[in-house]
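Q: For the protein sequence lines, the chains are A and B, in the order given. Each residue of the first sequence is one higher than the one before, starting from 30 at the first, in my numbering. Each residue of the second sequence is one higher than the one before, starting from 30 at the first, in my numbering.
Simulated from the structure, these hints should not be mistaken for lab results. Among the clues, some could well be false.
Any copy will do: because identical chains look the same in the list, a pair fits if it lies in one copy or spans two.
As the list claims (entries may be wrong) - Using 25 Å as the maximum straight-line C-alpha spacing, the simulated SDA-like pairs for lysine to any residue come out as follows:
| hint | residue 1 | residue 2 |
| --- | --- | --- |
| 1 | K182 | T97 |
| 2 | K338 | R281 |
| 3 | K342 | A86 |
| 4 | K342 | G409 |
| 5 | K342 | L397 |
Protein chains: 2
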Amino acid sequence: MDYDFNKWMSDYRVISAVGENDEGGIDRLAYSDYDFAARTEMLNRAYGMRLQCYLDAAENLWFSKPGTDPDLPPLIIGSHLDTVPNGGRYDGVLGVMAGFQVLRYLVDNKVEHRRTVELVAFSCEESSRFSLSTIGSKLACGLTTPEKLRNYKDFQGHSPVDFLSRLRYAPDTLEERKRHIKECLGYIELHIEQGPVLESYGTDIGIVESIAAPIRLRLEFTGRSDHSGACPMELRHDALAAAALTITEVERLGREEAKYRSVATVGTINVPHQALNVVPGACTIQVDIRGIHRDSMDRIYEGLESFLKKLEKEREIRINRVLLSDEDPVPLDRSLGEIIERNCVKTGLSYRWMPSGAGHDAMNVAKLIPAAMIFVPCRGGISHNLSESVSEKDLRNSIQILYEVVMDICR
Amino acid sequence: MDYDFNKWMSDYRVISAVGENDEGGIDRLAYSDYDFAARTEMLNRAYGMRLQCYLDAAENLWFSKPGTDPDLPPLIIGSHLDTVPNGGRYDGVLGVMAGFQVLRYLVDNKVEHRRTVELVAFSCEESSRFSLSTIGSKLACGLTTPEKLRNYKDFQGHSPVDFLSRLRYAPDTLEERKRHIKECLGYIELHIEQGPVLESYGTDIGIVESIAAPIRLRLEFTGRSDHSGACPMELRHDALAAAALTITEVERLGREEAKYRSVATVGTINVPHQALNVVPGACTIQVDIRGIHRDSMDRIYEGLESFLKKLEKEREIRINRVLLSDEDPVPLDRSLGEIIERNCVKTGLSYRWMPSGAGHDAMNVAKLIPAAMIFVPCRGGISHNLSESVSEKDLRNSIQILYEVVMDICR
C-alpha cells in the first residue's frame, strides 16, 4: 500500500481538531455543532471522491465504495467521531479516518475489489452527554428505540431524540438500516486501546476477544441542608458526606475485583444549590461498573447495594437508585479475528488477543453480524483526556493492517 | 407595644418572598436583581414613613429615625436581606423587618425618644456568592478594602467590587461610614438561631456571648483523567476519589471536636469536564471550619493538613490549598447583653446566654463599638434551607423584645 502519509496526517489534524477548546482539549460532544462540523468535513471529502454518502435516521454517517460484484454482502468498517468533554484526538476519529484512507486508496489507485466496502461513523458513541453509550449503533441495530431514549437527558434537559427529530426522524428508516446491516458480511472497527496493555508489552496490534459491558447507575442522595456554622455535627444529615463514603466504597469494590479485570468508577457528582456555608442536603453521583466477567460485575453491584442499605440506615439519608444500563459482556467473532491475525503475521506486526475494557459500537453490531476489533497502542494508555497520543508508527500500522484485512476479505 | 401583627405579617410575606423559585426556596443572592428588588421594597416603605434613607458605598442600606437629642450617639439595629441559594424566609430578613416594625411603631405612634435609632440592612452577609461572608459590614467597618475583594469571585467570575463599582463607588465614603459607626452607642442584631438549641430547651430568647469564626479553604485536587472502562484500578490517579476521602476526613475531624462545639463542613464540590465514562482528573472542594475555641479550630485545620500530605504521597495526586479566610472567634458586649437580659425578665420571656455557631455582621461591628445579638428559635434548628420556619409566637417575641431593648436604651 503506497500512499502519502503526510497528506493523510494533515487531513487527520483538521478533522481531529474540530471542537478544540482553550486548553487544547476537544469538545466534540455528540449532536453538538462541532460534531456536525466534523461530519460536514467528512462529507465534503467524500463528495470529492464520488463515494456514496448516506445519513441514516440515527444520525449515523455512511460512505460506500461499491465492489464489482453487487451480489456479495458488503463489509462494514468504521468507528465514531464524537468525543468526551475535553477529550483527545484519537478516540473514535482514528478508526473513521483510517477507514477513510483505505477507501481513498481504493479510489485513487482504481484498485479492483469484488465486495463493496462501507465506512460508517456511528453517532453518539460516548456516554458523556446522555449517560448512555453507542446510541447511534444501538438505534441502527434495533437494540433501542427513540421512545426508550426519551428518558435519557443531557445536563440541559435534552434527550437524544430531540436531535434526531430535528432532522425529521422517520421510524421506518431505522428498520431499513437494521435490515441492511443484517445483510452485510461483517463489521471491523479499528480503535485506540485506551489502556496500557499493548504499550507495556511492546505489541503492535490488539485483536479483541470480547468487550466489557457496563452496569451504570445514578444514585440520588437526599439528606437535609443546614447552616454549616450553626448545625452541630451530631444533628446533620449531610448528603455529600454520604456520597463521599459511597465513592470510596465504589473504588474499594473495584480494587477487590481488579484481579478479574473489572473496574468501578464514580465519574460525575452534583450538589444542587451548593454553597460554602450550607451543609449539602442533596447530592447525585453516577457509577460505572465494567468487566468481562458478569459474576465479577455482579459482586461489585451487590456489594454496593448492601453498602447503600447500611448507609441509609446509619445516616438517615434516602438514596434513590436509577439503573441507567445493565449490559452483558459481548464476545466478538473468532473467524474475523483470525483474518486480522493472519494479516498481522503477513505484514510482520506483533499482536495479542485481548479483552476491551471500554465499550464500542462493535458490541451492538455483533448482535446482528460477525464483528471484530483492531486495537492500536496509545501513549501511557491515556484516553478520554486531552493528552491522548498515538505514535506515527502506530498510525501507519493502523492504516496498513486495516487495508490488508479489507483487501483480504473484499478482493 | 400595641400594633397590628397581621399587617406586619402580610408586609413580611412580601419582602421575605422576593426571589422565590419554583421549589419554593428563596434565591435572593447578594447584589442580584432580587436583592436590589427587596431593598427597593424597603425604600418605598421608608419613604412613605419619611425616614431618612442612605445607601452607603458598601451597598448597605440605612434608615434613621432621629431622636429629640441630636447630641446623643445613635443606636444601630439591623441585619441583612440577602439569602443563600434556595434559602429560607427568616435568615437575615427577620432582623431587618423586626427593626423596621420598631421604627414604624415609633413613627405611627409619635413615640418620643431622645436617642436616634438607625436600622441597617448590611449587604452580602452570606458567603454563598463570593466564598466570603459579611462583605457589606466588613467594608463599612474598615475590615477589608475593595482592593482585597478583587480576589474573590463568584461562579461567573464577578468580584463583589464589580457591583460596588456599578453604583460609582467612591473610596472616601467608606471612611466616612466607618467614622459614623464609631460615633454610635452600639449595635444590636436580632436573628434566627439557625441551630436547634433554643427549641430543644424550650427557651424564648438567646443572648449571644460570642460568635464562632470560620477558617475556610479551597482544595484543588489534580490527578489524571482516564477512560473509566480501559484504565485498570491500580493505574488510576482519581481526583474525585481523593476528594471523597478528604470529605470523610473533614467530617471525622469535626466530630472529634464536636465536644468543643466546633464544626467542619465540605459545602461545595466541582469536577470540571465531568462525565460518566471518565475517571475524574481534577476536583475542587471548599472546607468550612468553625468554632468558638481557636485551639479546637486549629486542631481540625492541622489534622486536615497532615491528612492531605499523606494523601498526596499515597495517591500521587497534587492538592493545592487556598486559604479563603481565617478569622478569630469574636466575644460580644456583656453590658448590652445584660440590657437584653433585663428586658427579657421584664416581659416574661425565658432566655439563655449562648454562643453563635454562625457568623454575623455583629462580629465586624463589634470591632468598632459594643455589639450584641438576640437569637429567636427556628423550627428544628433548620436554616439555609427552604423549610426554614419560625412560629408566630416567636415572631411576636422578636418584635417585642427588640422594641423593649430599643426603648430602654433610647427613651
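Q: Indicate, hint by hint, whether the structure satisfies it.
A: Each hint, compared with the structure:
For the identical chains of this complex, K182 and T97 are neighbours neither inside a copy (45 Å) nor across copies (65 Å), given an alpha-carbon limit of 25 Å. Within a single copy, K338 and R281 get their C-alpha atoms as close as 17 Å, and across copies as close as 21 Å, so both meet the 25 Å cut-off. In this assembly of identical chains, the alpha carbons of K342 and A86 never lie at most 25 Å apart, being 47 Å within a copy and 51 Å across copies at closest. Taking the shortest Cα distances, K342 and G409 sit within 25 Å of each other only across copies (21 Å), while inside one copy they are farther apart (42 Å).
Taking the shortest alpha-carbon separations for K342 and L397, neither the intra-copy value of 46 Å nor the inter-copy value of 49 Å comes in at or below 25 Å.
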